[in-house]
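Engineer: Starting from the known structure of chain A, arrange chains B and C on it as the hints suggest.
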Amino acid sequence: MRIAVCIALLTAVAGAALAAEIPLSERRSGYSFMSADTRAMQDEDTANPGMLFVLDGEALWKRKAGAANKACADCHNDARVSMKGVATHYPAFEKALGRPVELEARINLCRTNHQQASPFAYESRELLALTAYVAQQSRGIPIAPGDDPELAPFVEKGHALFMQRQGQLNLGCTNCHDDNWDKKLAGSAITQGQPTGYPLYRLEWQSLGSLQRRLRACMTGIRAQAYDYGSPELVELELYLMSRARGMPIETPAVRP
Amino acid sequence: MPSALINVPAKAKRGSVIEIKTLMSHIMETGYRHTASGDVVPRDIITSFTCRFNGTEIFRADLYPAIAANPFITFFTTVTESGKFEFEWIGDKGFSETAQASITVE
Amino acid sequence: MVIVRPAEATPAMLQAAIRNVVGEANVRTGKVKLDIPPLVENGNTVPMTISVTSPMTADEYVKSIHVFNEKNPQPNIGNFYLGPRAGRAQISTRIRLADSQKVTAIARLSDDTFWSTTADVVVTLAACTEEAI
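Residue numbers (my numbering), protein chains in the order written: chain A, 10 to 266; chain B, 61 to 166; chain C, 169 to 301.
Chain A extracted, bound-state conformation:
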């Protein structure tokens, strides 16, 4: 029953006229679509359950790990200084790999290369906590994806994927999040899909989760096969979304329904 309603609405949505990219003046964070109660959860740190993960991340930042017996803090010192603004330009181009890596992968590269520790699993509490702690140091700072020319083809690939219709519902991201962000789907706001607050605490998840988890959930929603965590497709989509959100302030750890 619920699936039937979902499909009927999505089909109606998909039929709407195609619009261009959302102009800067009209870009809206998911925050602005939320109820006052949910906003209040994000607004105050002691009411925001995402801050519990940030606290864990702070502890992990200082904890020695791996064969090198080094903590993040041993190289990067005080995250409040060294990590300020860093999350605003991720995913970033990683020369050694010849492709962009998202913040989670960057943290895991640090673990394997410099701490000689095993990487954290995607969506593990540790990886979410460290990522949230690092990203929180950019709270309030506008998203500024790197203008590294080597990134350009990957942004373009991410854009193409954003536009690409897929899944049994034959929908592209753009059909909802460019063309119909001001409408509702089964009572929920569609929103623009701006990635301003990740990792974020989603009430649906009752936990913190990454942007890739959200993207995978969207793909499952349109009955498409979700790409694997860390796959080139998801990183490119994440990269395009960040370039699309250029200028919007980071909210990590955000709260969303």
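Hints may be right or wrong, so weigh each one.
[To be verified] Once the Cα atoms are required to be at most 20 Å apart in a straight line, the calculated SDA-like pairs of lysine to any residue come out as: (1) C:Lys201 x C:Lys231; (2) B:Lys73 x C:Arg253; (3) A:Lys193 x C:Leu207; (4) B:Lys153 x B:Lys71; (5) C:Lys231 x B:Lys71; (6) C:Lys231 x B:Arg120; (7) B:Lys81 x C:Asp203; (8) C:Lys239 x B:Glu89; (9) B:Lys81 x C:Ser232; (10) B:Lys71 x A:Thr55; (11) C:Lys231 x B:Lys153; (12) C:Lys270 x C:Leu293; (13) C:Lys231 x B:His94; (14) A:Lys73 x A:Ser133; (15) A:Lys104 x A:Lys73; (16) C:Lys201 x C:Val190; (17) A:Lys71 x A:Asp52; (18) C:Lys270 x B:Pro125; (19) B:Lys81 x A:Pro32; (20) A:Lys193 x C:Asp280; (21) C:Lys201 x A:Asp46; (22) B:Lys81 x A:Asp52; (23) A:Lys193 x C:Thr292; (24) A:Lys192 x C:Leu293; (25) C:Lys239 x B:Thr90; (26) C:Lys231 x C:Lys270; (27) B:Lys144 x B:Ala64; (28) A:Lys192 x A:Ala45; (29) C:Lys199 x B:Phe136; (30) C:Lys239 x B:His94; (31) B:Lys81 x C:Ile204; (32) B:Lys144 x C:Arg253; (33) C:Lys231 x C:Val189; (34) C:Lys231 x B:Thr90; (35) B:Lys81 x C:Pro252; (36) C:Lys231 x B:Ala64; (37) A:Lys193 x C:Pro206; (38) B:Lys81 x A:Arg48; (39) A:Lys71 x A:Leu106; (40) A:Lys192 x C:Thr292.
These aren't lab readings, by the way, just hints derived from the structure by calculation.
Structural biologist: Same frame as chain A, but now just chains B and C:
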């Protein structure tokens, strides 16, 4: 150790009423969910929260599976003297955590 | 033998849970205020504030606040024990509501009278949910 967030004003006037906010990291697994293979996910919740001030209980709560993950509880108390608030969360599977916060009467 | 757990609390279970707290006492309507969104974005985390009209003096105060729901798998949500030194009879927490239903708050005053209020909450189901486990 699971994280807790406590919001208690550092200073207050004697006789004033203050709000205390607490947030504790916990999944609050209800015991009513099933895995894809049909097994019940065992209940794992915080069942009791207590706040003491200088050793005297000032607030207590019994929690059930209907309390959301990462329990958030706020309440009020009258400031009588400088001292220490102690918070205690007890739950299934031997869960037991504490936190403290101090207040100075002006 | 197969034991089938009830999918949701029944009115009889709710009444039994309330009787368990109030005994044979009469529960009157009034004095209790329940702030809960009438329409919630996600039933997994619903903010709720309960306040009780009381002078909160040594002679006249709120002993406890008990919260129940109609349809979750079990009728109890939480019990909150206050006392005269609380100064203000108000608590907040976040709850789960598996479906649209009534939420009832009952306060026990220092004279052992019971007062209650009930609110209706509509829970909208997310358009695109995912497997929780």
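Engineer: Each hint: holds or not?
Structural biologist: Structure-based check of all given hints:
1. C:Lys201 x C:Lys231: holds, 16 Å
2. B:Lys73 x C:Arg253: holds, 15 Å
3. A:Lys193 x C:Leu207: holds, 15 Å
4. B:Lys153 x B:Lys71: With a Cα-Cα distance of about 37 Å, the restraint between B:Lys153 and B:Lys71 is violated, given a limit of 20 Å.
5. C:Lys231 x B:Lys71: Since the Cα atoms of C:Lys231 and B:Lys71 sit roughly 27 Å apart, the hinted pair is violated (cutoff 20 Å).
6. C:Lys231 x B:Arg120: holds, 11 Å
7. B:Lys81 x C:Asp203: holds, 17 Å
8. C:Lys239 x B:Glu89: Given that 20 Å is the threshold and the Cα spacing comes to 18 Å, the pair holds.
9. B:Lys81 x C:Ser232: Holds, because 18 Å separates the two Cα atoms, which is no more than 20 Å.
10. B:Lys71 x A:Thr55: With Cα atoms ~17 Å apart, B:Lys71 and A:Thr55 stay inside 20 Å; holds.
11. C:Lys231 x B:Lys153: Given that 20 Å is the threshold and the Cα spacing comes to 30 Å, the pair is violated.
12. C:Lys270 x C:Leu293: At roughly 17 Å apart (the allowed maximum being 20 Å), C:Leu293 and C:Lys270 satisfy the hint.
13. C:Lys231 x B:His94: violated, 38 Å
14. A:Lys73 x A:Ser133: holds, 18 Å
15. A:Lys104 x A:Lys73: violated, 27 Å
16. C:Lys201 x C:Val190: Status holds; Cα separation ~18 Å.
17. A:Lys71 x A:Asp52: Measuring from Cα to Cα gives roughly 27 Å; hence the hint is violated.
18. C:Lys270 x B:Pro125: holds, 17 Å
19. B:Lys81 x A:Pro32: violated, 40 Å
20. A:Lys193 x C:Asp280: violated, 48 Å
21. C:Lys201 x A:Asp46: Given pair C:Lys201, A:Asp46 holds - Cα atoms ~17 Å apart, limit 20 Å.
22. B:Lys81 x A:Asp52: Cα-Cα ~14 Å, so holds.
23. A:Lys193 x C:Thr292: With a Cα-Cα distance of about 12 Å, the restraint between A:Lys193 and C:Thr292 holds, given a limit of 20 Å.
24. A:Lys192 x C:Leu293: holds, 16 Å
25. C:Lys239 x B:Thr90: holds, 14 Å
26. C:Lys231 x C:Lys270: violated, 24 Å
27. B:Lys144 x B:Ala64: Cα-Cα ~16 Å, so holds.
28. A:Lys192 x A:Ala45: holds, 19 Å
29. C:Lys199 x B:Phe136: Holds: C:Lys199 and B:Phe136 sit about 18 Å apart, inside 20 Å.
30. C:Lys239 x B:His94: Between C:Lys239 and B:His94 the Cα gap is close to 19 Å, so the pair holds against 20 Å.
31. B:Lys81 x C:Ile204: Status holds; Cα separation ~18 Å.
32. B:Lys144 x C:Arg253: holds, 16 Å
33. C:Lys231 x C:Val189: With Cα atoms ~12 Å apart, C:Lys231 and C:Val189 stay inside 20 Å; holds.
34. C:Lys231 x B:Thr90: violated, 28 Å
35. B:Lys81 x C:Pro252: holds, 19 Å
36. C:Lys231 x B:Ala64: This hinted pair is violated, its Cα atoms lying about 27 Å apart.
37. A:Lys193 x C:Pro206: Between A:Lys193 and C:Pro206 the Cα gap is close to 18 Å, so the pair holds against 20 Å.
38. B:Lys81 x A:Arg48: holds, 17 Å
39. A:Lys71 x A:Leu106: violated, 27 Å
40. A:Lys192 x C:Thr292: Holds. A:Lys192 to C:Thr292 sits at ~16 Å (cutoff 20 Å).
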